[in-house]
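For the sequence shown, the tail end lands on 146 under our numbering, and the numbers increase by one without skipping.
These are calculated hints, taken from the structure and not from any lab test. Certain hints may be false.
Estimated spans, in silico, between C-beta atoms of each pair [stated by the list, open to error]:
1) Ala-54 <-> Leu-142: 16 to 24 Å
2) Gln-76 <-> Lys-113: 17 to 25 Å
3) Ala-54 <-> Val-91: 14 to 22 Å
4) Thr-74 <-> Lys-113: 31 to 39 Å
5) Asn-132 <-> Ser-106: 24 to 32 Å
Virtual Cβ for every residue (Gly too), placed ideally from N, Cα, C.
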Amino acid sequence: MGGWSSSAGDFQAPCSGVYFFTFHAVSTQQGDFTVALMKNGEYQVTAYGTKDDYQQGSNSALLVLNKGDSVYLELQQGEIYEHPFNEAYTTFTGFLVEPF
């Protein structure tokens, strides 16, 4: 089947192809953060933010995926800011560019 899995917290490629992913996060005032884009448990790219005044970090990548590959974000260090009223400060977006 594929697509976003809210229970697993990952994107599972519904078909093989080239996919574009982008993500964004905001730091807390208490510490820095490092967030990585992961593919099947392997690091792809990282975003970093510092604690001063809610710094932001983002990154993007084109990934070649096989059907069923898993892509997700992993918080590798620190904390990211989550708004108390469920406003979205962390985003994760992806789409198919070219199937094969």
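Tested hints:
Checked against the hint of 16 to 24 Å, the pair Ala-54 and Leu-142 passes, with Cβ atoms roughly 19 Å apart. For the pair Gln-76 and Lys-113, the beta carbons lie near 41 Å from each other, so the given range of 17 to 25 Å is not met. In this structure the supplied range 14 to 22 Å holds for Ala-54 paired with Val-91, their Cβ-Cβ distance being about 21 Å. At about 37 Å, the CB distance of Thr-74 to Lys-113 agrees with the hint of 31 to 39 Å.
Range check, Asn-132 to Ser-106: Cβ separation about 25 Å, and the 24 to 32 Å hint holds.
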